[in-house]
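Colleague: The primary structure of each chain is shown beneath.
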Amino acid sequence: MTSVPVRVNEDLCIAEKGCTVCVDVCPLDVLAIDIVKGKAFMKFDECWYCMPCEKDCPTGAVTVDIPYLLR
Amino acid sequence: MQTQTQTVDVLVIGGGTAGPMAAVKAKEANPALKVLLLEKANVKRSGAISMGMDGLNNAIVPGHATPEQYVKEITIANDGIVNQKTVMAYAENSFAMIEELDRWGVKFEKDETGDYAMRKVHHMGTYVLPMPEGHDIKKVLYRRLKRARIEITNRLVATRLLLAEDGSIAGAMAFDCRSGDFHIIRAKAVILATGAAGRLGLPSSGYLFGTYENPTNAGDGYSMAYHAGAELSGIECFQINPLIKDYNGPACAYVTGPLGGYTANNKGERFIECDYWSGQMMMEFYRELEGGNGPVFLKLDHLAEETIQNIETILHSNERPSRGRFHEGRGTDYREQMVEMHISEIGLCSGHSASGVWVNEFAETTVKGLYAAGDLACVPHNYMLGAFVYGKIAGESAAAYCAQAPLAEVDEIQIATERERVWAPLSRPDGLPPLQVEYKLRRMVNDYLQPPKVTRKMEIGLQRFEEIRHDLDRLSASNPHELMRALEVHAIRDCAEMAARASLYRTESRWGLYHNRVDYPARNDEDWFVHVQLKKLNGEMHCFKRPIEPYIIELDEQEKTAYQKLRISKDALSNAREQDTLTSV
Numbered sequence: 001m002t003s004v005p006v007r008v009n010e011d012l013c014i015a016e017k018g019c020t021v022c023v024d025v026c027p028l029d030v031l032a033i034d035i036v037k038g039k040a041f042m043k044f045d046e047c048w049y050c051m052p053c054e055k056d057c058p059t060g061a062v063t064v065d066i067p068y069l070l071r
Numbered sequence: 001m002q003t004q005t006q007t008v009d010v011l012v013i014g015g016g017t018a019g020p021m022a023a024v025k026a027k028e029a030n031p032a033l034k035v036l037l038l039e040k041a042n043v044k045r046s047g048a049i050s051m052g053m054d055g056l057n058n059a060i061v062p063g064h065a066t067p068e069q070y071v072k073e074i075t076i077a078n079d080g081i082v083n084q085k086t087v088m089a090y091a092e093n094s095f096a097m098i099e100e101l102d103r104w105g106v107k108f109e110k111d112e113t114g115d116y117a118m119r120k121v122h123h124m125g126t127y128v129l130p131m132p133e134g135h136d137i138k139k140v141l142y143r144r145l146k147r148a149r150i151e152i153t154n155r156l157v158a159t160r161l162l163l164a165e166d167g168s169i170a171g172a173m174a175f176d177c178r179s180g181d182f183h184i185i186r187a188k189a190v191i192l193a194t195g196a197a198g199r200l201g202l203p204s205s206g207y208l209f210g211t212y213e214n215p216t217n218a219g220d221g222y223s224m225a226y227h228a229g230a231e232l233s234g235i236e237c238f239q240i241n242p243l244i245k246d247y248n249g250p251a252c253a254y255v256t257g258p259l260g261g262y263t264a265n266n267k268g269e270r271f272i273e274c275d276y277w278s279g280q281m282m283m284e285f286y287r288e289l290e291g292g293n294g295p296v297f298l299k300l301d302h303l304a305e306e307t308i309q310n311i312e313t314i315l316h317s318n319e320r321p322s323r324g325r326f327h328e329g330r331g332t333d334y335r336e337q338m339v340e341m342h343i344s345e346i347g348l349c350s351g352h353s354a355s356g357v358w359v360n361e362f363a364e365t366t367v368k369g370l371y372a373a374g375d376l377a378c379v380p381h382n383y384m385l386g387a388f389v390y391g392k393i394a395g396e397s398a399a400a401y402c403a404q405a406p407l408a409e410v411d412e413i414q415i416a417t418e419r420e421r422v423w424a425p426l427s428r429p430d431g432l433p434p435l436q437v438e439y440k441l442r443r444m445v446n447d448y449l450q451p452p453k454v455t456r457k458m459e460i461g462l463q464r465f466e467e468i469r470h471d472l473d474r475l476s477a478s479n480p481h482e483l484m485r486a487l488e489v490h491a492i493r494d495c496a497e498m499a500a501r502a503s504l505y506r507t508e509s510r511w512g513l514y515h516n517r518v519d520y521p522a523r524n525d526e527d528w529f530v531h532v533q534l535k536k537l538n539g540e541m542h543c544f545k546r547p548i549e550p551y552i553i554e555l556d557e558q559e560k561t562a563y564q565k566l567r568i569s570k571d572a573l574s575n576a577r578e579q580d581t582l583t584s585v
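For the record, the sequence lines run as chains A and B. Quick note: the first sequence uses full-length UniProt numbering, first residue 1, plus one each step. Quick note: the second sequence uses full-length UniProt numbering, first residue 1, plus one each step.
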């Protein structure tokens, strides 16, 4: 598993209950739900590190890191 | 994948800042109209103010400034190349818009008596109004959209405008970046509010999405307006910003300046009198970087603990909140270290400079039925409040236009051609990956267009952009998301070509670093006190001059050069020497 800027804590993520908040608010549409696991994940490493996904997540499962190239 | 058609009265493309305002105001002007707000991402968190805004840069508040003073300031800051009527239309509506946003629930800083807490950052007047709690602005807008019952579609990427037989607007075409479905939206009027061309130059980090502007704003609207035959203006007046190095977000001297922070050189000394972003300010920034006194820094380490905590609260919770995380990673503490800054890659954005789709004071473009507002509409230095004001103007103009405009017939050939262009990358399994083409294209933009502008380099750039035009026919996408990136490359390439052509056309230097042409180092008002317009003629990109309309506010002689004298005066001598060296190149 490669390291991507948006990390999802699968213990906290409630995507299996139908939550798609982080996926919805991303301006670049780079997050998705893994249907098998029922968890959100970063599908495309195309991040503006803008943070709506982290801020709007109802359970605090999402963390945005600064992409490695900028760090 | 399917094709879907719908019909509305007013179609607003772009749900960031200007777009939601335009949709609400069109509907308020005539509640009988069917208004559709089309958004590429999701209206809840889209656009430049996704995470809010930390202040108004151009608030004209009675008792602090007048519309006349503001028009003068922007005319001078933009080296005279403005249609003053458009700036005046903003200025006269600025205060009413602040009051309306205030009523809607947007929070502006007020003093103990309840008056707006205005700050001076510009060279001449007082126009900055902080918004330390401006993080909720998108929520406020979203509530207004719901209340006005505006229809919203998210995740639709508009790619081309539809034209009627007489060249007026007939609607737009788009595709769904999740399903790939093709959408035809017939409309009497279209308002373009798609933001800046923010993915033009390549950030020095090499990360394609590490841009100053929201990278979703890839210049789609500039490209759509161009292909619809609209005039664009001031494209050669690039957007170049002084930013936090690598992070590429604003250092926010506007926020810190009134609290005692300033831009400093490597000796910790001030070198510019005024932190307001202008081409002349960027020129001084560039000289400091190149002249051995760089890097340039934002200096806060001399401020009191209480002030620094206040700055951290504002800057780490608004607009680009991940900034705090970036500083933490680098071990930068405002108390101990200055924040390293650099010069951004180029972009097109009238919100910050002057490059955009030509509009008059009614937000009308040169295409009948097409309106523009926000960062992509050419009203210089318009910023967020300008986007709201022009959103309102565009919404009301479009609503009035609908009353007498018929719904145009759609042309099946336009639809078939565009659908083929849009879907083509999905049926090319062995083509070029969009991100590779984008990387190469934007690297070429840096190599050949980043000022100082050199004629020969820009000519080579044009040649490369022409070659990449052929590569567009080889783009491949394995899913609708990648298809979105592929179509964005088309728009970015158009913007790159526009940037090169408009820059080559204006054979003088103006706007400091924004249009610093090494082969024509002097400003030449005799030949170039004009707008440079760009439009599609017989399938080709064509530049021409448009005269400046007579000023409605005359400038005093001594004011005209106010923005030419930004360097701190103790350096006046060495500055003059540098000027000599530069002009003798």
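Hints may be right or wrong, so weigh each one.
Unchecked claim - Straight-line Cα separation of at most 30 Å, DSS-like style, residue types lysine-lysine; simulated pairs:
1) A:Lys17 / B:Lys146
2) B:Lys267 / B:Lys545
3) B:Lys34 / B:Lys120
4) B:Lys146 / B:Lys120
5) B:Lys110 / B:Lys120
6) B:Lys368 / B:Lys545
7) B:Lys368 / B:Lys85
8) B:Lys368 / B:Lys565
9) A:Lys43 / B:Lys85
10) B:Lys535 / B:Lys457
11) B:Lys110 / B:Lys267
12) B:Lys368 / B:Lys457
13) A:Lys55 / B:Lys110
14) B:Lys560 / B:Lys536
15) B:Lys457 / B:Lys440
16) A:Lys39 / A:Lys55
17) B:Lys536 / B:Lys120
18) B:Lys440 / B:Lys85
19) B:Lys146 / B:Lys107
20) A:Lys17 / B:Lys139
21) A:Lys39 / A:Lys17
22) A:Lys55 / B:Lys267
23) B:Lys139 / A:Lys39
24) B:Lys34 / A:Lys55
25) A:Lys43 / B:Lys560
26) B:Lys368 / B:Lys120
27) A:Lys55 / B:Lys146
28) B:Lys85 / B:Lys120
29) B:Lys457 / B:Lys245
30) A:Lys55 / B:Lys245
31) A:Lys43 / B:Lys139
32) B:Lys536 / B:Lys440
33) A:Lys55 / A:Lys17
Don't read these hints as lab results, they were simulated from the structure.
Colleague: Give a verdict on every hint.
Modeller: We went through each hint and held it up to the structure:
{"no.": "1", "hint": "A:Lys17 / B:Lys146", "result": "holds, 26 Å"}
{"no.": "2", "hint": "B:Lys267 / B:Lys545", "result": "violated, 44 Å"}
{"no.": "3", "hint": "B:Lys34 / B:Lys120", "result": "violated, 43 Å"}
{"no.": "4", "hint": "B:Lys146 / B:Lys120", "result": "violated, 36 Å"}
{"no.": "5", "hint": "B:Lys110 / B:Lys120", "result": "holds, 15 Å"}
{"no.": "6", "hint": "B:Lys368 / B:Lys545", "result": "holds, 21 Å"}
{"no.": "7", "hint": "B:Lys368 / B:Lys85", "result": "holds, 20 Å"}
{"no.": "8", "hint": "B:Lys368 / B:Lys565", "result": "violated, 42 Å"}
{"no.": "9", "hint": "A:Lys43 / B:Lys85", "result": "violated, 47 Å"}
{"no.": "10", "hint": "B:Lys535 / B:Lys457", "result": "holds, 23 Å"}
{"no.": "11", "hint": "B:Lys110 / B:Lys267", "result": "violated, 36 Å"}
{"no.": "12", "hint": "B:Lys368 / B:Lys457", "result": "violated, 37 Å"}
{"no.": "13", "hint": "A:Lys55 / B:Lys110", "result": "holds, 26 Å"}
{"no.": "14", "hint": "B:Lys560 / B:Lys536", "result": "violated, 34 Å"}
{"no.": "15", "hint": "B:Lys457 / B:Lys440", "result": "holds, 16 Å"}
{"no.": "16", "hint": "A:Lys39 / A:Lys55", "result": "holds, 17 Å"}
{"no.": "17", "hint": "B:Lys536 / B:Lys120", "result": "violated, 42 Å"}
{"no.": "18", "hint": "B:Lys440 / B:Lys85", "result": "violated, 40 Å"}
{"no.": "19", "hint": "B:Lys146 / B:Lys107", "result": "holds, 20 Å"}
{"no.": "20", "hint": "A:Lys17 / B:Lys139", "result": "holds, 25 Å"}
{"no.": "21", "hint": "A:Lys39 / A:Lys17", "result": "holds, 10 Å"}
{"no.": "22", "hint": "A:Lys55 / B:Lys267", "result": "violated, 38 Å"}
{"no.": "23", "hint": "B:Lys139 / A:Lys39", "result": "holds, 26 Å"}
{"no.": "24", "hint": "B:Lys34 / A:Lys55", "result": "violated, 33 Å"}
{"no.": "25", "hint": "A:Lys43 / B:Lys560", "result": "violated, 52 Å"}
{"no.": "26", "hint": "B:Lys368 / B:Lys120", "result": "violated, 40 Å"}
{"no.": "27", "hint": "A:Lys55 / B:Lys146", "result": "holds, 22 Å"}
{"no.": "28", "hint": "B:Lys85 / B:Lys120", "result": "holds, 24 Å"}
{"no.": "29", "hint": "B:Lys457 / B:Lys245", "result": "holds, 26 Å"}
{"no.": "30", "hint": "A:Lys55 / B:Lys245", "result": "holds, 25 Å"}
{"no.": "31", "hint": "A:Lys43 / B:Lys139", "result": "holds, 26 Å"}
{"no.": "32", "hint": "B:Lys536 / B:Lys440", "result": "holds, 25 Å"}
{"no.": "33", "hint": "A:Lys55 / A:Lys17", "result": "holds, 19 Å"}
Hint check: violations occur at hints 2, 3, 4, 8, 9, 11, 12, 14, 17, 18, 22, 24, 25, 26; the rest are consistent with the structure.
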